[in-house]
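Trainee: Let the hints inform the model, and build the full structure from the sequences given.
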Amino acid sequence: MSTNNILLEVKNLKMHFPIEEGLLFKRQVGAIRAVDGINFSICRGETMGLVGESGCGKSTTARCIAQLHKPTGGEVNFEGKDLCRARKQEMLKARMDLQMVFQDPYASLNPRMTAGAIIGEPLLIYSKRGILNYTKKDIQKRVEELMEKVGLSRYFVNRYPHEFSGGQRQRIGVARALALNPKLILADEPISALDVSIQSQILNLLNDLQEEFNLTYLFIAHDLAVIEHISNRVAVMYLGVIVEIADSKVLYKRPMHPYTKALLSAVPIPDPAVERQRKRIILEGDVPSPDRERTGCYFYDRCPNAMPDKCKNNIPQLREVEEHHQVACFLYFDP
Amino acid sequence: MQTMNNDLVLQVTDLRTYFNTDDGVVKAVDGVSFALRTGETLGLVGESGCGKSVSCLSVMKLIPSPPGRIMSGQALLRGKNIFDLSADRIRQIRGGKISMIFQDPMTSLNPFLRISTQMIETIQLHQGTDKMQAKDKAIDMLRLVGIPNPGKRVDDYPHQFSGGMRQRVMIGMALSCNPEVLIADEPSTALDVTIQAQILEIIKNLSVEFGTAVILITHDLGVVAGMCDNICVMYAGRIVEKAKVDDLYQDPKHPYTQGLIKSVPRLDKPGKQRLYSIEGQPPNLIDLPDVCTFYPRCEYAMDICRQKYPPEFVTDGRAVRCWLYKEEK
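First to last, the protein sequences are chains A and B. Just so you know, our numbering puts 47 at position 47 of the first sequence, and the rest follows in order with no gaps. Just so you know, our numbering puts 1246 at position 246 of the second sequence, and the rest follows in order with no gaps.
If you're looking for bench data, these hints aren't it; they were derived computationally from the structure. Every residue, glycine too, gets a C-beta built ideally from N, C-alpha and C. Just so you know, not all the hints are guaranteed correct.
[To be verified] Examples of chain A residues toward chain B, derived with CB under 10 Å:
1. 53
2. 265
3. 267
4. 276
5. 287
[Said to hold, decoys possible] Just the calculated beta-carbon pair ranges, DEER-fashion:
6. 1117(B) - 155(A): 56 to 64 Å
7. 1307(B) - 45(A): 43 to 51 Å
8. 1083(B) - 155(A): 26 to 34 Å
Mentor: As structure tokens, then:
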């Protein structure tokens, strides 16, 4: 991992959503700590997987990187530029290289626009602002080219989203993200809303496109098997913090953090023979609400290996315990 | 398979449920047959819109009519056809003999009523106990499904519970009248993996404890592998393959089942090889011709597949609806 190869670097990123009280004179009474200080970096051409349960801050992280939320604190260095402090023009340019694919292919496409208009919209916007110069004809040509790339017939260009199936809609979403030739694609649960047989189609498509255009992905999912399949490296999130980062092969073979272990053991495997022999680590209770500041380990309440004084009073920071394997847990180092 | 009649709880034969729409008749369920024995867990697997849920809603006679209609078929509960019963009798069966757990626990609990009110109502209706006994029973059930401090929590409202806890309440409510059949319609789909593991564990343990037969509807092949004894795979309104769970995963017969199993990435077999994918998408269920519904996506499609829908070919306890297995008969 040489430093000039790093495309995106997230430093101590924090996103706190204020909880307000009062009708006329709103005052802040607390904060939902959706993302509470995370650090990671993504190299060019790799796929970083981000897993965690709902409400752990995966999507908020992606949205903060794309500056759809203004983060409360921290840095998002994209190609060496800090996006949190970038000016509007700079941000506009940076967004060309940084596109998103969303989870729900029904909600993320405008029902009143045709497939062609949706895919061509980024090109149109950037041409209007004078950053690109595409004519109408160029855009049309590019749209058809993109549709073919993602496996849609070019004859569908004038159809509306409701005429497509879920899988095809997600293909439109991918084509729109590709329109500006981005370097990084933030894919926020791109296949969770799709059927099993369609999921593998989209996963294969994303893999092919990555090879063809040398794309870098930040791939968010809650399905660990999918993440394992597509990622080179995986970060596991819990309650707004990253608890473990490792190469995907290593993480699945030798998970270190108790939460990762529990998460992996909870995933059902489609083979009855394997299922019968597996030992499950069943976690007690639910994920606590992220609305208060924590003084100890974020996983303390549910951890099967919790150590009363160490874990309760010290926050474990992410530390490299093996090569390319970072864990935030006092089982592996002392506070 | 249907010889041991005495412990047969539910037998559904040739169920057809159609919906009349402006565009034509949607054959949501088109000739589904399955049998469920005491203590058995049956998995109904398939993609969205394949008719899994409609089959089970039909058995409970919960299909809104119009537009839905049960065209033909029988559902024998201990030898008595549910479809012949009066509305009053069916109401006694629902929640009493057959209960159901739905996917989204928030929409299936009444947000205005306390958990205790909702549970006592069910228990009183089906078991004829008085209110105090019913409440004690409700508290017992909540304890069984692992809700901490059930004596106090029973008087809470649904919004005071988290998603996993609500699903536990649903399970407790569904099992409170010792049903013979529990239909679980995607009980863990809306939940996180760690919570899903908890919920599946509870369903598994309690069905053993009460001897309840379970129909588990899901699209997740991993969930069925760990939970079920027998599996029915559905595609476009029909069951295309029935098998014991081990047989199905070791040697899937129908091309659709094969594709489905191959297309899921597996945690225990890591690798970067390309995933298998079934090209195309499920057919529109309106005015389907009487041919194999899977042939446009099938890599083994033959001439006969485009002419006639395959009957059920049975070989050593396995039933497959595919022309590939014609000779083996």
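Trainee: Hints first: check each against the structure and report whether it holds.
Mentor: The hints, checked one at a time:
{"no.": "1", "hint": "53", "verdict": "holds (4 Å)"}
{"no.": "2", "hint": "265", "verdict": "holds (8 Å)"}
{"no.": "3", "hint": "267", "verdict": "holds (6 Å)"}
{"no.": "4", "hint": "276", "verdict": "holds (8 Å)"}
{"no.": "5", "hint": "287", "verdict": "holds (8 Å)"}
{"no.": "6", "hint": "1117(B) - 155(A): 56 to 64 Å", "verdict": "holds (57 Å)"}
{"no.": "7", "hint": "1307(B) - 45(A): 43 to 51 Å", "verdict": "holds (50 Å)"}
{"no.": "8", "hint": "1083(B) - 155(A): 26 to 34 Å", "verdict": "violated (46 Å)"}
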